[in-house]
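Chain residues, written in single-letter form:
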Amino acid sequence: MASTDSEIAYTQEERKKMEQQLASLTSVTFDVDLYGGGSDTRFEGYERSIAVNEDDDVVQDAGESEVARKLASYTAPKSVMKEMPRGGGEDDGGDMGGFKKPQKIIDREDDYRRRRLNRMISPDRNDAFAMGDKTPDVSVRTYADVMKEEALKREKEDTLREIAKKKKEMEEEEKEKGKGGERGSRGDAAVAPSQKRRNRWDQNQELEGGEKKAKTVSSSSDWDMPDSTPGIGRWDATPTPGRVADATPSISRRNRWDETPTPGRVADADATPAAGGVTPGVTPAGMTWDATPKLAGMATPTPKRQRSRWDETPAAMGSATPMPGATPAAAYTPGVTPVGGVDMATPTPGAINLRGAITPEQYNLLRWEKDIEERNRPLTDEELDGMFPQEGYKILDPPASYVPIRTPARKLLATPTPLGTPLYQIPEENRGQQFDVPKEAPGGLPFMKPEDYQYFGALLNEDEEENLTPDEQKERKIMKLLLKVKNGTPPQRKTALRQLTDKAREFGAGPLFNRILPLLMQPTLEDQERHLLVKVIDRVLYKLDELVRPFVHKILVVIEPLLIDEDYYARVEGREIISNLSKAAGLATMIAAMRPDIDNIDEYVRNTTARAFSVVASALGIPALLPFLKAVCQSKKSWQARHTGIKIVQQIAILIGCAVLPHLRSLVEIIEHGLNDENQKVRTITALSLAALAEASAPYGIESFDSVLKPLWKGIRSHRGKVLAAFLKAIGFIIPLMDAIYASYYTKEVMFILIREFQSPDEEMKKIVLKVVKQCVSTEGVEPDYIRSDILPEFFRNFWVRRMALDRRNYKQLVETTVEIANKVGVADIVGRIVEDLKDESEPYRRMVMETIEKVVANLGASDIDARLEELLIDGILYAFQEQTSDDANVMLNGFGAVVNSLGQRVKPYLPQICGTIKWRLNNKSAKVRQQAADLISRIAVVMTQCHEEQLMGHLGVVLYEYLGEEYPEVLGSILGALKAIVNVIGMTKMTPPIKDLLPRLTPILKNRHEKVQENCIDLVGRIADRGAEFVPAREWMRICFELLEMLKAHKKGIRRATVNTFGYIAKAIGPQDVLATLLNNLKVQERQNRVCTTVAIAIVAETCSPFTVLPALMNEYRVPELNVQNGVLKSLSFLFEYIGEMGKDYIYAVTPLLEDALMDRDLVHRQTAASAVKHMALGVAGLGCEDALVHLLNYVWPNIFETSPHVINAVTEAIEGMRVALGPALVLNYCLQGLFHPARKVREVYWKIYNSLYIGAQDALVAAYPILEDEENNIFRRPELAMFI
Amino acid sequence: MQASDRFNINSQLEHLQAKHVGTGHADLNRFEWAVNIQRDSYASYVGHYPILAYFAIAENESIVRERYNFMQVCNSCNPNHDG
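First to last, the protein sequences are chains A and B.
When we follow our numbering, the leftmost residue of the first sequence carries the number 177, and every step to the right adds one.
When we follow our numbering, the leftmost residue of the second sequence carries the number 23, and every step to the right adds one.
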């Protein structure tokens, strides 16, 4: 016992020490060693989430494949090697099995794109059409309201900027005058808002700190709050009941005023936020707004705007009837990110939207914390008793100084996380069993992620189900369906999606969108989830049609960000939705919804709005939008409106391309005045829009640009910097549209500016200048001499410098421009200028030179290059090729190949030297170098024969042959490719090593599973089988046949095709019997792909060796009573008749009995395959006099028309179509007539389907075959003409 | 039709067929079909000059009048024709 006590004492001592250490870190109360120093790095070492699949597997796989890659030589036994993962070296390692891990959208977004989260889903708006002539209710949010708010916001922004400016000035003044004190501090307060606003955008900032700061500020005095400016107060003060809800989305900090015990509040304060508060209804756009339309009168709930709490008159509060589910949102001003505290509200979606406050990091944190909390909760006495032996332990009283840690900071976002609400907390008593078990969602709902709880949490409390109002039940139904769509399994998702679509009108637009849209704003959304939700919107839109009108803006807020997503498919999806939306809502509604955003203060909003408008234009037609655009572009009120209007034109041009042509003149007219706008940004965008228009309409439409030529050319003289760049860009796109004379004139006009700008240090300017030079040079009217004398010297001096090779985009643009110049002035000029640089010491620069030479030479050939230049060129290329350290893009290789090929026979003197280099490099230690050397052989093989260097090639062949033991598959593949190239050009007979030695060496390589090796090897083997089969004994070919069967498993189609063709060659070489036996045996294997390929191979063998050599054995095989074999035979027949076409007429009678049997078989697949064989047969023998057999077969096919399995019915329909071609439509019509008016609908349906395809296929020919109908009373059905007879 | 059939190629085929004038369906009645036949026949006569010439000889009419007469029948069969 004593020892125990001493031990305890010691431990206590230790702990005390540690506590002291901790205490010294006063500012942070959590353990820094455990949790890391800053909030950002805190989880670095942890898994942030537990992967669904076992991560270990992946790691192991990667390791294995790495080993396999290194060991992958053809000699290893299969068991050691295992099967190579598909795709081998080509796919990146992270891509497991072709499936990408789900990725959060926000993770790949930049800050600009993240600004979407700052937008807020605006309340519903008035639908002017639905209203008719009635004046809208005051409380309804109309277009006028929205516009007013926008104007107000702008005014406020201006004022704030003014104030800030003034303060700054004043401060400076004060500094000068040495005055301090009061005014300065007031200045700070006024500057603060802008700062705070910026914070809000900045999502990554440490929240905790920000929060604290916010708190301290607010606690100082409410009067300091910068946003309670009288201006705004005036607006808000209007005591309309509709304003009540203003409180909700406002940013203003929560304070004691918010907790006024109004009826609406009382319920919430204690209510589980998860239950009601969590519902998406809480968004400012939420159902509150729908339920009481009066509330919709609330003014701009955008983040910019902060509302004074004075707006909420208690009376008004009272009128906000407590609606279950919705109210909590109204109560908790979402602006406050809750940190600890009893009344901490669940972060409502509104809050997230407004502030972007809850970052994914925080969600992770929540998730992680929940996990840790559960694991680290205090152990109960019973548990401890269970764990420890009864002896040797003693229960101590906690030290008097002990206080449980309750500081919010310590517990981070602890207790009342959305998950931690009383609703979901697992009751104390059964805690013991619940380790790690995800909380089950009731009623077969899919698993919810922690971040889903705030949207779908309400689904979890089932017990209330009965006492819900019908509306709430509807909401709940929608939520369930959405959850299934979002997280469910594919079948669940499918049915849910269909239900949502079918019941869309029943649910109503309001409830649907109020559920869907907040989900789309969820910061942790993944690509797949977004795709699904967007799909829901699309389907729902289609059904709701004009009912969407009040929600247009809301939808746009969430869909517009898709238009600037970096993912192409997301952009397309976004366009589709907006296009459907505009078709559903109509132009007027779209304009009304988007007009206020056009001069929004936020550039992001304007940008996305412009893009959305261009989609609207393409959906509803440009003419419809023209008057509006014209008005916007001439807006006097704000430059932002003009800017956006002109940007819309630019986006239209980009989006619809050459379809702008009919409207080109009007579009140019709309924006042309922008070139002289007072605002620089407007001038810039105007020039850019003109560039886009010219690019879209090229090569037509120059006459529409007449009016802007003068301002543009005047502009380039007067502007500098960004504006100049934009003007130049516009000119660059307009010049190619001009006639030759004008082009040359205008080029000369612009050229001296361009040459001046050659020296500009601005990267953007450089790129534009290069592009414009390229465009000018490529026009017809520009003379080579002019380019040579005026442009080239400056061009090379300024641009062909090492620095240009370092930036990718510069590099590309420079190469393109130089190639374009070379097209004008010829190879010698350009290559002569840069050839020396092939020996430059900078490798990227050498690579750029090489790429340019490659492109120039490939375009223009090498005939201009004289002997001296040729020598320099080869010398430089050899130097550059040998000095390269990395060549991932194969630039050097391609350049070498291109130059050698274009020089042709002139390269002969250098070939020994080149081959020496190749041989030396083939022996290099680095695999890459060896591979490249082998690749080079395959590129220059053709030229080598042209130079009659067959001996040299033979020598290379032997060298390559010796390297067939290569262990890196990539290199081995290249070596095989090189051998193939040599065999191709020097032929089978002259090949060294002789074919009979080469092929046996290839047989084991066929076992290699690496795709590149397989592909090159099978190509080479196939080539030998095709051209030089006689050099190899038949036994070797049979051996190869067996290896080839394995190859049919290859993933790459090219390999399978080459394999199947090789079967044909081999069969031709050694006779079909043995090959066929092998193949027929292979029909018994289980694997479907293998069997399919075998059937194709059989068909090919039959085609190459004439069908009569194969058919008997094949038909005999049909007697094997095995499903797979019989189907294989039928499939072979189908392919066979497809390949042999007309030749089929000789065999049709032979196979008819077999097909009869198959068409009567019980097995569906038999009948299906036989039907497709009949189709090919019929199509092949059409018009060759086999009608008797075909009619016979049709009689067997016809009863299958009532099949329901899609594949079978498809095959049968096609067989009948084939019969239509072979037997004529009249005969098939006669088969049809019996069922067209059958009493049973099921029968009629099928017959009409056949009739319809018959009708579409051969309408005219049916005229003669229609039945004769007698007239009825007034109706004349007779067609006597065809009966006429002379 | 099964639920799975709704989106497969066969349903698309039917949709495609339905787009053509003159195709039929299970609820087509005798009159409608006969009208289709009538229209197709006369349109076909008008479209084939040799057959038009043949009819002209048999009826001892000018080819153009034959064509005009046939066109009248065609028009009366036109689905948009009211009367």
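Any given hint could be a false lead.
Stated by the list, open to error - To give a feel for the contact side, a few chain A residues facing chain B, derived at Cβ under 10 Å:
hint	residue
1	Thr1165
2	Pro1169
3	Ile1171
4	Trp1424
5	Ala1440
Derived by calculation from the structure, the hints in this document are not laboratory data.
This structure is a prediction, so every number in the text was calculated from the model and none was measured.
Just so it is clear, CB atoms sit at the ideal spot from N, CA and C, and this is done for glycine as well.
Comparing the hints with the structure gives:
1. A distance limit of 10 Å between C-beta atoms decides the matter here; for Thr1165(A) the minimum to chain B is near 52 Å, and the interface restraint is violated.
2. Using the Cβ-Cβ criterion of 10 Å, the hint placing Pro1169(A) at the interface with chain B is not satisfied: the shortest such distance is roughly 53 Å.
3. For Ile1171(A), the shortest C-beta to C-beta distance to chain B is roughly 48 Å, which exceeds 10 Å, and the interface hint is violated.
4. A hinted interface residue such as Trp1424(A) counts as satisfied when its beta carbon comes closer than 10 Å to some beta carbon of chain B; here the least separation is about 5 Å, so the hint holds.
5. The interface hint given for Ala1440(A) holds, since its Cβ lies 9 Å from the closest Cβ of chain B, which is under the 10 Å cut-off.
When held up to the earlier numbered hints, the structure conflicts with 1, 2, 3 and fits the remainder.
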